Each structure stands twice: as C-alpha cells, then as structure tokens.
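**Student:** For reference, the chains in residue letters:
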Amino acid sequence: MSVPMDSIYQQIILDHYKNPHHHGLIEEFDAEVHHVNPTCGDEVTLRVRLADGAIADLGWDGDGCSISQASTSVMADLVVGKPVAEAMALQERFLELMQSQGNAELTEGDEDVLEDAVAFEGVSKYPARVKCALLGWMAMKSAVVESDRQEETA
Amino acid sequence: MSVPMDSIYQQIILDHYKNPHHHGLIEEFDAEVHHVNPTCGDEVTLRVRLADGAIADLGWDGDGCSISQASTSVMADLVVGKPVAEAMALQERFLELMQSQGNAELTEGDEDVLEDAVAFEGVSKYPARVKCALLGWMAMKSAVVESDRQEETA
Amino acid sequence: MPFDVEAVRKDFPILAREVHGVPLVYLDSANTSQKPQVVLDTLTDFYANHNANVARAVHTLGSEATNAFEAARGKLAAFVNAPDRNEIVFTKNSSEALNLVAYALSNAATTIGAERFRIGPGDEIVVTEMEHHSNLVPWQLLCQRTGATFRWLRIGDTGPDGGRLVEDEIDTVITERTRVVAFVHQSNALGTINPVSRLVARARAVGALTVVDASQSAPHLPLDVQALGADFVAFTGHKMYGPTGVGVLWGRYDLLAGLPPFLGGGEMIETVDMTGTTFAAPPHRFEAGTPMIAQAVGLGAAVDYLSALGMENVAAHEHALLEYALPRLAEVEGLRIIGPATAVDRGATISFTLAGVHPHDVAQLLDEGGIAVRAGHHCARPVCVRYGIPATTRASFGVYTTTEEIDALVAGVRRVGEVFR
Amino acid sequence: MPFDVEAVRKDFPILAREVHGVPLVYLDSANTSQKPQVVLDTLTDFYANHNANVARAVHTLGSEATNAFEAARGKLAAFVNAPDRNEIVFTKNSSEALNLVAYALSNAATTIGAERFRIGPGDEIVVTEMEHHSNLVPWQLLCQRTGATFRWLRIGDTGPDGGRLVEDEIDTVITERTRVVAFVHQSNALGTINPVSRLVARARAVGALTVVDASQSAPHLPLDVQALGADFVAFTGHKMYGPTGVGVLWGRYDLLAGLPPFLGGGEMIETVDMTGTTFAAPPHRFEAGTPMIAQAVGLGAAVDYLSALGMENVAAHEHALLEYALPRLAEVEGLRIIGPATAVDRGATISFTLAGVHPHDVAQLLDEGGIAVRAGHHCARPVCVRYGIPATTRASFGVYTTTEEIDALVAGVRRVGEVFR
Ligand SMILES: Cc1ncc(COP(=O)(O)O)c(C=O)c1O
Ligand SMILES: Cc1ncc(COP(=O)(O)O)c(C=O)c1O
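Chains as they are written, first to last, in this note's numbering: chain A, 540 to 693; chain B, 540 to 693; chain C, 2 to 422; chain D, 2 to 422.
Since the hints were made in silico from the structure, they are not lab data. Heads up, a few of these hints could be off.
Using 30 angstroms as the maximum straight-line C-alpha spacing, the simulated DSSO-like pairs for lysine-lysine come out as follows [what the hints assert, rightly or not]:
no.: 1; chain 1: A; residue 1: Lys680; chain 2: A; residue 2: Lys557
no.: 2; chain 1: B; residue 1: Lys664; chain 2: B; residue 2: Lys557
no.: 3; chain 1: C; residue 1: Lys76; chain 2: B; residue 2: Lys664
no.: 4; chain 1: A; residue 1: Lys664; chain 2: D; residue 2: Lys76
Since the structure is predicted, the reported quantities are computational estimates derived from the model, not experimental observations.
Given the sequences, and given the hints that come with them, work out the whole structure.
**Tutor:** Have a look at this one:
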C-alpha cells in the first residue's frame, strides 16, 4: 500500500525514518544537547564536533514520530562537513519554510540547498507537527552555539 | 405630550409618582425597614403597624425612579386595612406577575384584587426594572414579618 | 423513537466537508464536538436581532438579551436536573469552572465569614491519576497557594480491562485530613467511567467537598447533579455541541452562597465603594464582567437539541458504537487498547497504540484518509506515564458517528501499520 | 476616503430592526457594540467549515482551526501595534484580563523565581476614582489577599468641564511604595480620556507596574501599546464590534515571561507530573483550557473591519458626533452633563442627568421611542458617589452613529422632561 499523492509522508521521509543517517552518538564531541518536544514527547540527543569553523561531525539518538526522526536524519546529512555559518543559514531557511503555514514558495535555489529537507514542506500546514520537524534542527543549533561558547570560555 | 400607547408609563403610574399615597413616615409603628435596589439606587423606608392580624397603617418615604415610587404608593393603597394573610397573597400574586417576563395572562380576578397594580404588567418585560416595581412590596413583606417576629419575642 | 443517525448527520453542516479530497470522518468529539445548524442559527439570530449587554440595560434589546441569557441558564439547570437555576454559573470553559472553585477556596483565607472553607498546611486535596490537566493543575496550584498536601488515587491494572482506579485505596487516600476530592466522571484519555457514588460517599463521610469534572459525560449521558450527589460539577459547552467560549459550574446553592468571589468586576458586586465592596448573590457573584452572552444562549440551543434527541437515546447510540468498535479495533495487528477493553462503565472514547508507529504518525496518516482522530497525551500526561507510553491515538464518538465510520477507522489503522512497517 | 456612515450602517444587520414599532436608534455602544455581518459570517464559516480544537490536533480541521486562531492573535497584535504576537493573551473579557494580572501578582507569593513581583503589607496599589468596577474590585481583592494598601487618584472638579483626575495628586499618591498603577484610558462613565503618558511616567519613575484599561478606547481610537508605554493593556471584544466572550490582555513579553500562571489546566503547561508541573511560555501560559476559538477568530474579523475603515477615520467621525451632540444636549432644559462639557480629551460617551426625572425613567421612556441608552452607575459607582447622584443616563456612539440619531436623542430627552413634569 502507498500513501496519498499529497501525503506529508513522502517516500524520502519514510526512508530516512526507517534508515536514519548519522544515527548513533559520536565519541568525540564538543557539545551534547538533549531536546524534548513536550507536547508529543519526541526526544533527541545530539552531539557535534566543530573544526576549522565547520561541523566536522554530528551524531544523534532519538525517540519519536517519523517526522522528528527523519527530519533529524536529513538535517545531519545536510550539515555535516558544512561551515557553521552555512549550517546556520540552512537552519534559518528551514525554520522559515516550516513557519510558512503551507504557503512557502520553494525556489529552485531552495531545492538546491535544502535537498531532501524540501520534502518536509507539507508539514508546515500542520502547526502541531512543525515542532516535530524542527526538533533536530533546533538541537543542532543549540549544540553549535554551545560548542562556540565552550571554545570562547576555554 | 403623551406617552406611547403601549408605554409602561401608564397614566396611573405617572399619577401615583407625582402624588404618592401613604407617603410620609407614620409615628406609631411596629417595624421599620429600609430597602435598597443596589443596581439603580432606589430606596424606600417603610413603617407598618399591625392590629388584629391586619395592616392597620403603613407609611413610607423613598427616592428613586417613578416605577419604584409609584409601585410603593399603589401597594400602600392596596394593603392598608387588609388582613396580613390577604396582603401576603397580594404580594405573591404581584411577584408572580412581575416574574412573568411579559407573558402573564391577567384574569378579571387579578384586576379585581390587584386594582391599580395591574398597570405595572408592562414592567415585567424589562428584567432590569422588575426590581424597581417590587421594591416597596418586598419592603412591606419584610416589615410585616419583622412585626410578627417582634410580637413573638415580646 | 429510534435514534436516526442519518437524520442527525444532516443537522451538522461540517459533516458535508471533504478533507484531502475524501469525505470527513470526524472521530475527535472528545476534543471538541461539531455544532448543529440550530446552534449556528441561534448565534446569528442573537447577534443580528437581539444583541445587547445583559443585566444592566433597561432598553428593549437589553431586556431581550437578558431574557435570552437567563433562559439559557434555566435550560442548563433543567438539563442537569439542578434544583435551582441560580446554581448554574456560566464560565468560559470547564477549566475556568474548576479554577473558580480552587480560587474561591484559597480566597477564603482572607475573607471574614468564609472560615469554614479555609485550607492550609495539614489539609489534603485528593485527585486521581487519570485527571485532565484542567482538574489537576488547579489543585496543585491551590496546594502551592495554601500549603495543603496534594494526593491522588492511582490507576491500577493497566492490562486489558484495566484503566480503573484502585478502589481499595479510596478509603486510605481519602481521610479525615481530606478537604476536597476532585475527580473526572468519564476519563477523556481512557474512557473509564468512575464510581461517582463510591467516591462521593467516602468524601462525604470524611467531610470533604467533592468536585466532579463532567466535561466528558455531559455530552454523552443523562447527567443528574442531584443523583451524582457531588458538591460541584463542571462541564464545557464546546464538547456538548455548543459554542466555544462557554462552560458551566454547577454548585450547591448553600456552598456557592458561602464562598468568597473569584474574579472581581462588573455585575458581581452588590455595592462598590472605594473603601470596600460587597458582593452579589450566586450565580452573579461568580460572573464578573460581561458574560459570554451569545455563547450561553447558543449552549441553551445545544442542550435543547440534545434533549430533543433524548440523552438516554444518545447514550444508547454511543454505547452501541463502542460495542461495535472495541472488538474490531482489538483485532488489528499490533493495536493495544489503552483503557478498559470492554464496554462496561466506559464511554465511547478509545485510546490505543500501534506497535512500531508513533501515535502522531497514526493520526496524521489517518487524516490523509479523511479520518480525524487525536494523538498525544490528551492533556492527561500522568495517564501516559502510568502506562509507560509517550502518547496514544484516540478515536472518540458523538451523536453523529456511524458504524461505517468505525469501519473506515479500522481499515485506516490497518493501512497505517502497512505503511510504516 | 471620507467616512461613509450610511455604508457602514448597511454592514450591521441589527440596525434594520424596529423596537416599539419605530426604527432602532442604538446609542449604547459603550455598553456593548453591535456586530457587522462580516463578524457573523466569520463565526458561521468557522463552525460550519473549520471547527476543531486548537494546538492539540494533528488533523486537517485542527490545523485550520489553529491557524485561524493564531492568525487572529497576529491581527490583534498588529491592531494595537504590539512588538510581538506572543504578547497577546486571549481572555474571556476585559475583566478576566485585569484579574489575570492581579492574580498572577498574588501568586508570585508562593512561586520561586517570581520574587520580584511579590506584593505585601506596606506596598500600595493605586487606581483612580473613575475606574470601572472591573479595574477596581480586582485590585481591592488583591489588597485583601496580600495585605497591600489600596489607594486612588480622585476626580477633581465636578462642574462643567470637570470630571478629570486631580493632576496635582499624581505625584503624591503614586510614591515609592506604589507597586501597581491601574487606570482607565477612557472613562466609560464620564467620557474623560486620561493623561496616560503623565501617569505612566510617574509610575515608571517610582518603579511601579502600569495596567491600562483600554476597554473604551480600543474601539474608538488608534491604540498603540508601544506609544502608551504601559506594561499591561486590557480590552474586550464585544465593545469593538466583535463577539461576546473574548477579550485581550496585552503585556510586555519579559513581564509575561516572568509572571506565574493564573488559571491552571490544559494547554498552559509544559509538562505535568503528579508531583509537579512546569508551565508553557506566554501567551499559552495564561490560556488554560480550550480557548474561545471561534470568538477570537471573530474578533480578528472585527479588527480587520475596523482597520479597513481606518481607526483615524473612526476617531474623527466620533469626535465630530461628540462636537455635534454636546452643545445640543446642554441646551435641553434641566439637563446636566456629567463629565467634561467640551470635546477636548474626551470620547463620544455622554452621561447626563435630567432634573426631576430618574435616569431609569429617562432611559425607559427613550426606549419607547426606539432610542437605546443606558441608565445606572455604569459599573463605576464611585463616580456617581463623587457627583452625589444615584445614577446617570448615558448615550454612547459608535461607527454607525449619525447626527440624525443625535437629533432624535435630543428631541427624545425633551419629551421625557415634558412627560414627567
Ligand atoms: C472602562 C471599562 N473597563 C472594563 C469593562 C469591563 O469589560 P467586560 O465587561 O467586557 O469585562 C468595561 C465594560 O463593561 C468598561 O467600560
Ligand atoms: C475530562 C476533561 N476535563 C476538562 C477538560 C477541559 O475542558 P476545557 O478545555 O473546555 O476547559 C477537558 C477537555 O479538554 C476534558 O476532557
């Protein structure tokens, strides 16, 4: 059986859910964060290691709905190896997309940079699910900020 | 100038308002009560004297809208000289009339016993004014109860 | 007269809607119910023809509005068999009704004449582990304000046909120290109908006040506050086919008359002076400011609608749906019913989990097939904690629910399992 | 675009009504306003097509309802120029909004982390003598709960063009001991517009919180919470052409974020546990239970309607009506205006007395001529006490009021004098 054409459960999302990328906590890391979505109980623990102003590595573990888990997997694919500034810009753009209430106009440029993450566009119509899609992204952002802070105070 | 045909300001009400009956506090009395209608500030002070189970005399002073003052005047006319039981029955009937929300069906019998008080029928459509029309009647009832109580404890 | 669900459905305009290109199957009535046309018409008629503020106005519109509002109070009183229409206090929802009682009690601390209601350290407030947050947090906050101790009756067995209070603990948890026992009539998370008379009897024996949260029972079964025997009963308009923004607190008149006010403002006063204020008699004492006039009138229309259907018939219809649904759902692979598995002492609200699929995904994918159910902790998180699960999916029925809709639900849940496995 | 009052009137279905066989002249908008068709249509559309509970639901209807409800929050934020939409808390009316602040403050007494909001003996709460009971009684009750002292700014001169606060006393009554200054923007009893910036500046200088009751200004003039400079601003939907049953508290985000909750229940929590609960961020922290969903959406439509008219135009229209009405009423034999006699710093609400006739009789007899005005103390009894009168008659205008209606009022009041003299 397949899902409806306009489903928010794009095959790509189901695939990431069933086989999440960068799943598992990395051993060497600069910061670890634990984020929870209190309304649905989704959880993610996420570790990052920065090097030369870029996200050198990222690993995560989580529990929750397919949207939260797949979105974290897609995010990890996207940001690992990217300069921090670029990762933050991606996060900004994804946040905007999620807050569009289904009215986002995706440009080709978006598809180029957000890659698999554009599959989550449909989620933006469901305010209750937006937080799920954002969970991993927000955790990544906090972890990066946290790493920076540790560096500064080190 | 005259008021509209269906006015609650029947000529009889205006007449009682301009020339209230039994107005003025009597010297000899069994009980005095002071009632206030907090929503509009109408006030009445009322004294009664009972004798042989009847309302021998009643006098009042007041301040307030025409409905409260005229109704007290009409009430006084009706109950002075009447046996207490009869006065209480009148009070009951008048209360019923006022609570009818404009749906009372006045019988000829009502007109016989309530006399001028039937002129207040129109007031029952206006919940905010019902209390005005009842003020004097409620005061009379309290004063009679109060007199009885004093007699019993005397 | 047999209950004609097809005729009922025609009364609800939203049921003609499609979502995702398929007809709507609305199975989320425990969250909020849909509204019959007569309620919408009543609201429009009120605003378009009789709108005015109540109590205060001497003009015609004001009198019409006041009569309509007070008539609604009378209808609500009749609907729950209240002995006195002045026992019906209009609130914005159940939550406010429950908070009202909790705040009036803590306000007794500084109110002369209300000494008998005072609560303090050493006193205990008892709720149950299956309360909606709206009948749980207000009491936690009351304990915080007063120093009283918060206690609760636990949910026992969580297996099939579990999901009920541990009856043995009623006598040990509710004691001479208990001042208030607040509990849900029908659980919104489990469907369980609690043993009201047992709880009320124990509370009464120890001199505690009882507060019944009837949010989930008022729409579904004949509610008789005199038969319940409790001191306060709260329910909410939007779940019983009425407008949003209106709820009801019923309370015994002598208790309402003795309690200090909660919200201060217009209409709840007797006389106001800069140096001190006296308060009106119930119900107005507890209705500060301009009330939800149109909403109360609309709720009056909703209870007229329910009474015309007959609450006995409504209860029978929903019970039949429940008996139809429970075994069919239980057959779905990986499906576990959270709450009593049989239709005994149980309302037509069914929570479940599906192995390997998050409840949010179940609900979302059902929605894509037109089926609206709820997923989450249903504002009763301690229930999920008790069952050791993050959330459930919940289907809940109403006067307009059909067995065909239940078939669609069962088929839909099966499909969800296939997609995610 | 000139303000076209005849076009506006066509938007309000109730204005086609007759009472006592004559066309309705509705001059009671300060009590409650009438509703334009677009508000009624918005309510009906919501219930008939998108009705569901908000926040909790993952299904389509739930998402539509949530989006509509949150969009209304955004509209309200824009309407009052709030810097952040999360500063808009939906309440049931102004009265609840004002009580919310008062209760959150007293709840600080037992909330860790809210120490800076604690109020107790020695602290002072300042209001004015011209407050509506809804901005007076909550503060009296707060003083009762906390032991703080209740103080007030007096109304000075009661002659023509009096009816204003004694400005000299602002600095002596608001002192270092003052913790809250709560005052009405535009008086519902007198029409007076208070010197907000003067009061806010003094309050800020002494470190007191300011609470502005904008119930009577929000419908009538451009309201800009940033320009007002206050900490909290309350207003109510039914007076601004919206539904009954919804109001708004605007508060500075950092203050809302620091305040403890008021009502406990669903949706205002972060996580609930039997042994303790944490609370959501504003605005949800202050919105316990199912909100007045349809009403907030309807209020959104009302502010869209007002914005389309343009609040500057609305204010100019009503100011012109005021300038038209004041001298004409003042000419009526025995009529005394209660409040400023000129149109300076004054809204289009005119209270008056008529020598020898009780205000209730004035209003009632006007009603028999189709003219709806209010009589009483207008929930501001201390104003009547200050003027030494039991009550006033009050005519108040709105977007749909015409000069012809004012002519009818003036003629009507003359007639009343003749009947009773
Ligand atoms: C100045 C003022 N404040 C507060 C209120 C209270 O508003 P509500 O009754 O909607 O709570 C009113 C109106 O009644 C008012 O005129
Ligand atoms: C059992 C129960 N109690 C209380 C409530 C709260 O009702 P409301 O949200 O209308 O205040 C609900 C529903 O949300 C409920 O299901």
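**Student:** If a hint holds in the structure, say so; if it does not, say that too.
**Tutor:** A quick look at each hint next to the structure:
Restraint check: the Cα-Cα separation between Lys680 of chain A and Lys557 of chain A comes to about 24 angstroms, which is no more than 30 angstroms; the hinted pair holds. Distance hint between Lys664 of chain B and Lys557 of chain B is fulfilled; the C-alpha atoms sit about 24 angstroms from each other, no more than 30 angstroms. Taking the CA atoms of Lys76 of chain C and Lys664 of chain B, the gap is near 19 angstroms; set against the 30 angstroms cutoff, the hint holds. For the hint linking Lys664 of chain A to Lys76 of chain D, the alpha-carbon distance of about 19 angstroms falls within 30 angstroms, and the restraint holds.
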